[in-house]
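Take these sequences, add in the hints, and give me the full structure.
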Amino acid sequence: MGKAFGRVAAALVSLAILAPVAVSAQGDAIANRKADFQTLRKSLGEIKNVVDGKAGIETATAPAQAMADVGKRLTSKVNFPAGSDKGDTKALPLIWTDGAGFDKAAAGFNSGVGALVVAANAKNLDGLKAAFGETAKACGVCHDTYRAK
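Using mature numbering (1 follows the signal peptide of the UniProt record, and there is no 0), the letters of the sequence shown correspond one by one to residues -25 to -1, 1 to 124.
Derived by calculation from the structure, the hints in this document are not laboratory data. We put the CB at the ideal spot given by N, CA and C, even for glycine. There's no promise every hint is true.
Said to hold, decoys possible - Below 25 Å or equal to it, Euclidean Cα-Cα: the simulated DSS-like pairs (lysine-lysine) are: (1) K29 - K124; (2) K104 - K61; (3) K17 - K104; (4) K112 - K29; (5) K47 - K104; (6) K52 - K98; (7) K124 - K23; (8) K79 - K29; (9) K104 - K79; (10) K98 - K23; (11) K9 - K124; (12) K65 - K9; (13) K98 - K79; (14) K17 - K98; (15) K98 - K9; (16) K52 - K9; (17) K23 - K104; (18) K79 - K52; (19) K29 - K104; (20) K98 - K61; (21) K112 - K9; (22) K47 - K9; (23) K61 - K23; (24) K29 - K98; (25) K79 - K65; (26) K124 - K65.
Unchecked claim - Label pairs and their in silico Cβ distance ranges: (27) G76 - E33: 10 to 20 Å; (28) K9 - K79: 22 to 32 Å; (29) T72 - A30: 33 to 43 Å; (30) G62 - V93: 21 to 31 Å; (31) A105 - K61: 36 to 46 Å; (32) A37 - N7: 17 to 27 Å; (33) G108 - D44: 34 to 44 Å; (34) L67 - D44: 18 to 28 Å; (35) E33 - A123: 36 to 46 Å; (36) T34 - K124: 17 to 27 Å.
Spelled out as structure tokens, the structure:
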């Protein structure tokens, strides 16, 4: 009886320690996701200022690169672990049940962002405008399909 009790006690202690860690990891993923989307919102706004002639082309490089960095995290799904559809999030469960569709949407986003980076680095305003439109459409695909209203 002593060994069995010890095992049960050890299991309960482990559960008490690990359960909050799992919840915390999901919370961190949601917080990281939100931070990434704030970065995208800010960066898109900065690039839109360039597209609209309110800022110079030289200001587009940093926000384009910031968007590319977020795109890598979207593709890797580092901020979309299983179970992180619960809690304070607008992410729809479809992200996890339609992985191939989400991957395709992320790839479309990364394609547009890649073109933004190239155009920004080359100081090519026409290229930046075209890539901005492509990227904005890709954002809409994800928002329309994988984000709660």
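Quick rundown of the hints versus the structure:
1. Distance check on the hinted pair: K29 and K124 sit about 30 Å apart at the alpha-carbon level, beyond 25 Å; violated.
2. Our distance criterion of 25 Å between C-alpha atoms is broken by K104 and K61, whose separation comes to about 37 Å.
3. Between K17 and K104 the CA atoms are separated by roughly 17 Å; this keeps the pair inside 25 Å, and the hint holds.
4. Our distance criterion of 25 Å between C-alpha atoms is met by K112 and K29, whose separation comes to about 22 Å.
5. This hinted pair checks out: K47 and K104 have alpha carbons roughly 22 Å apart, not beyond 25 Å.
6. Straight-line distance between C-alpha atoms of K52 and K98 comes to about 31 Å, which puts the hinted pair past the 25 Å bound.
7. Straight-line distance between C-alpha atoms of K124 and K23 comes to about 24 Å, which keeps the hinted pair within the 25 Å bound.
8. Annotation: proposed proximity of K79 to K29 is violated, straight-line Cα distance about 33 Å (limit 25 Å).
9. Of the pairs offered as hints, the one joining K104 and K79 holds, with about 23 Å between alpha carbons and a cut-off of 25 Å not exceeded.
10. For a cut-off of 25 Å, the pair hint linking K98 to K23 stands: about 15 Å separates their Cα positions.
11. For the hint linking K9 to K124, the alpha-carbon distance of about 15 Å falls within 25 Å, and the restraint holds.
12. Distance restraint check for K65 and K9: the Cα-Cα separation of roughly 10 Å lies within the 25 Å cut-off, and the hinted pair is therefore satisfied.
13. With a C-alpha separation of about 29 Å, the suggested pair K98 and K79 falls outside the 25 Å cut-off, and the hint is violated.
14. Proximity of K17 to K98 is assessed by CA-CA distance (about 20 Å); at most 25 Å being required, the pair is judged to hold.
15. Distance restraint check for K98 and K9: the Cα-Cα separation of roughly 30 Å exceeds the 25 Å cut-off, and the hinted pair is therefore not satisfied.
16. The hinted pair formed by K52 and K9 meets the criterion: a straight-line CA distance of about 13 Å does not exceed 25 Å.
17. Under the criterion of a C-alpha separation no larger than 25 Å, the hint pairing K23 with K104 is consistent with the structure, at around 9 Å.
18. Of the pairs offered as hints, the one joining K79 and K52 holds, with about 12 Å between alpha carbons and a cut-off of 25 Å not exceeded.
19. Of the supplied pair hints, the one linking K29 and K104 holds, its CA atoms being roughly 13 Å apart against a limit of 25 Å.
20. With a CA separation close to 42 Å, the supplied pair K98 and K61 exceeds the 25 Å bound.
21. Taken as a hint, the K112 and K9 pair is honoured in the structure, with Cα atoms around 20 Å apart against an allowance of 25 Å.
22. Restraint check: the Cα-Cα separation between K47 and K9 comes to about 15 Å, which is no more than 25 Å; the hinted pair holds.
23. Restraint check for K61 and K23: the C-alpha separation of about 33 Å exceeds 25 Å, so the hint is violated.
24. A distance of roughly 15 Å separates the Cα atoms of K29 and K98; the hinted pair therefore holds under the 25 Å criterion.
25. Restraint check for K79 and K65: satisfied, since their Cα atoms lie roughly 19 Å apart, inside the 25 Å limit.
26. With a C-alpha separation of about 7 Å, the suggested pairing of K124 with K65 holds against the 25 Å cut-off.
27. For G76 and E33, the hinted distance range of 10 to 20 Å is not satisfied, since their beta carbons lie about 37 Å from each other.
28. Distance hint for K9 and K79: a CB-CB separation of about 23 Å, consistent with the stated range 22 to 32 Å.
29. Evaluation of the 33 to 43 Å hint for T72 and A30 yields a pass: the beta carbon distance comes to about 41 Å.
30. Roughly 37 Å separates the CB atoms of G62 and V93, a value that falls outside the hinted 21 to 31 Å.
31. Separation of A105 from K61 is about 39 Å and conforms to the stated range, judged on CB atoms against 36 to 46 Å.
32. Range check, A37 to N7: Cβ separation about 20 Å, and the 17 to 27 Å hint holds.
33. Checked against the hint of 34 to 44 Å, the pair G108 and D44 fails, with Cβ atoms roughly 21 Å apart.
34. Checked against the hint of 18 to 28 Å, the C-beta distance between L67 and D44 comes to roughly 24 Å, which is consistent with it.
35. Our hint of 36 to 46 Å for E33 and A123 holds, since their Cβ atoms are close to 38 Å apart.
36. Separation of T34 from K124 is about 32 Å and departs from the stated range, judged on CB atoms against 17 to 27 Å.
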